[in-house]
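Participant: Heads up, the sequence shown is in this note's numbering, so the first residue is 1 and it goes up one at a time.
Because the hints were derived from the structure by calculation, they are not lab data. Please note that the accuracy of each hint is not assured.
Restraint ranges, calculated between C-beta atoms of paired labels, are given here [as the list claims (entries may be wrong)]:
id, residue 1, residue 2, range
1, M1, K63, 33 to 43 Å
2, Y102, E40, 10 to 20 Å
3, E23, G62, 25 to 35 Å
4, T64, I6, 27 to 37 Å
5, N2, G62, 31 to 41 Å
6, I66, E23, 27 to 37 Å
Computed cross-link-like contacts, PhoX-like style, restricted to lysine-lysine with a CA-CA straight-line distance of at most 25 Å [claimed, not checked]:
id, residue 1, residue 2
7, K84, K34
8, K103, K18
9, K84, K63
10, K9, K103
11, K68, K90
12, K7, K103
13, K84, K7
14, K7, K34
15, K18, K37
16, K9, K37
17, K90, K9
18, K37, K68
19, K37, K84
20, K34, K18
21, K34, K90
22, K18, K68
23, K68, K84
24, K90, K7
25, K37, K63
26, K84, K9
27, K90, K37
28, K90, K103
29, K68, K9
30, K7, K37
31, K90, K63
32, K9, K34
Note that this is a predicted model, so its numbers are computed, not measured. Note that beta-carbon positions come from the ideal geometry of N, C-alpha and C, so glycine has one too.
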Amino acid sequence: MNLSEIKSKEIMLGYHGKMVHSETMSWVFWDVEKDAKVPEHHHFNEQIMHVVEGSFEFTVGGKTDIYKPGDVVIVPSNIPHSGKALTACKLMDIFSPAREEYK
Numbered sequence: 001m002n003l004s005e006i007k008s009k010e011i012m013l014g015y016h017g018k019m020v021h022s023e024t025m026s027w028v029f030w031d032v033e034k035d036a037k038v039p040e041h042h043h044f045n046e047q048i049m050h051v052v053e054g055s056f057e058f059t060v061g062g063k064t065d066i067y068k069p070g071d072v073v074i075v076p077s078n079i080p081h082s083g084k085a086l087t088a089c090k091l092m093d094i095f096s097p098a099r100e101e102y103k
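Generate the whole structure from the sequences, applying the supplied hints.
Facilitator: Structure below.
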């Protein structure tokens with residue numbers, strides 16, 4: 001499999017993702033438009049977010065920080081979180097178990 005062969009899906013306004021799924025994990029490669037927002041939400045899946053490019057404001061459990069390339073954030077199961085792309089961004093998210101709604 002090669003990422004260039006995976007069709008991008010706009011999961012929410014401004015968030016274009018290429019999804020890779022195994023039986024127990026989902027790995028998402030996001031291209032995020034500047035000013036695109038993720039409203040506060042939570043899910044059963046554990047999540048690890050990695051900023052590849054850009055600047056991303058992320059709130060996890062009520063604590064807001066600005067993340068830059070190389071930063072990694074762990075989001076435990078069922079913890080409220082939200083975000084906003086301060087610039088155009090490339091992000092990677094890993095979810096466990098797999099995000100069935102992304103398949």
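Participant: Hint check: K37 vs K68, CA-CA at most 25 Å. Holds or violated?
Facilitator: holds (16 Å)
Participant: Would you mind confirming whether the straight-line C-alpha gap from K68 to K84 stays at or under 25 Å?
Facilitator: holds (13 Å)
Participant: Measure nothing beyond the straight line between the CA atoms of K90 and K103; if it is 25 Å or shorter, mark the hint as holding.
Facilitator: holds (20 Å)
Participant: If you draw a straight line from the CA of K90 to the CA of K63, is it 25 Å or shorter?
Facilitator: holds (22 Å)
Participant: For the pair supplied as a hint, K84 and K34, is the alpha-carbon distance within the 25 Å limit?
Facilitator: Within the cut-off at roughly 8 Å; holds.
Participant: Could one say that the CB atoms of N2 and G62 fall in the range 31 to 41 Å?
Facilitator: holds (39 Å)
Participant: What's the verdict on K9 and K34, does the C-alpha distance respect the 25 Å limit or exceed it?
Facilitator: OK: K9 and K34 at ~17 Å, within 25 Å.
Participant: Are the Cα atoms of K7 and K103 separated by 25 Å or less?
Facilitator: holds (12 Å)
Participant: Hint check: K9 vs K103, CA-CA at most 25 Å. Holds or violated?
Facilitator: holds (10 Å)
Participant: Taking the CB of T64 and the CB of I6, does the distance hold inside 27 to 37 Å?
Facilitator: holds (31 Å)
Participant: Range hint 33 to 43 Å: satisfied by the CB atoms of M1 and K63?
Facilitator: Cβ of M1 to Cβ of K63: about 36 Å, so the range 33 to 43 Å holds.
Participant: Take the C-beta atom of Y102 and the C-beta atom of E40, compute their distance, and say whether it sits inside 10 to 20 Å.
Facilitator: holds (19 Å)
Going down the numbered hints, you'll see the structure goes against none, and every one checks out.
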